[in-house]
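Undergrad: Model the full assembly from the supplied sequences, consistent with the hints where possible.
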Amino acid sequence: MKRTINRLLSLFALTFIFLSSSSFVQMPSTVSYKCMIQMANYSGEKAYVVVSLMDAQGKYIKTLYVQGDDPEWFPDLKEWWAFSHGTNENIDAITGATVGNGERNIISLAVDSSQVDSGYKIRFESAVENQEYYTVDAEIDLNSSTIRNKVDGKGYIRYIRMVPN
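Mapped onto mature numbering (1 follows the signal peptide of the UniProt record, and there is no 0), the consecutive letters of the sequence shown carry residue numbers -25 to -1, 1 to 140.
Rather than coming from a laboratory, the hints here were simulated on the basis of the structure.
Please note that a few of the clues may not be correct.
Simulated DEER-style distance windows between Cβ atoms [to be verified]:
#1 50 with 19: 16 to 24 Å
#2 111 with 47: 29 to 37 Å
#3 50 with 92: 29 to 37 Å
#4 85 with 16: 13 to 21 Å
#5 30 with 105: 31 to 39 Å
#6 50 with 119: 14 to 22 Å
With a straight-line Cα cutoff of 27 Å, these simulated DSS-like cross-link-like pairs (lysine-lysine) come out [said to hold, decoys possible]:
#7 9 with 34
#8 37 with 129
#9 37 with 96
#10 96 with 9
#11 37 with 21
#12 34 with 125
#13 125 with 53
#14 34 with 129
#15 21 with 96
#16 96 with 129
#17 21 with 125
#18 129 with 21
From the three backbone atoms N, C-alpha and C, an ideal C-beta is built for every residue, glycine too.
TA: Structure representation (structure tokens):
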């Protein structure tokens, strides 16, 4: 019994030393943001908005949020749908109700901290039933010095404001 306890203590000590060493590789950390989406005044149905993480070349990396929870209308967000259709992204966990004319929505977004100040962007794509579609309604550089700046939309979004959590 004493031998077993000594072995466990030795194993614990080695594990502690390994985890404390400077050569230990840590998992990437996440950065969270609160994001307010202020919709423009427009007529018609409520807007579907997809918030996506884009790389420096403008390629989709990940879906961060979907404003609209009826999959029937997802194909109206054409560029995002081409990226996400058939992938293993679980968008059920990141969807919410649509908002419309003059309304606002506050959401939380999380990205890997290594993507900040590395050329990544957050894209807001929007569509309204039987109306125009905006591939880039708004786009924000994922840059720590400018992330708090108000960004105007070009379509159904009046503006976006983000603040670190």
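Undergrad: Flag every earlier hint the structure violates by its number, smallest first.
TA: Hints 2, 4 and 6 are the ones this structure does not satisfy, whereas the remaining hints hold.
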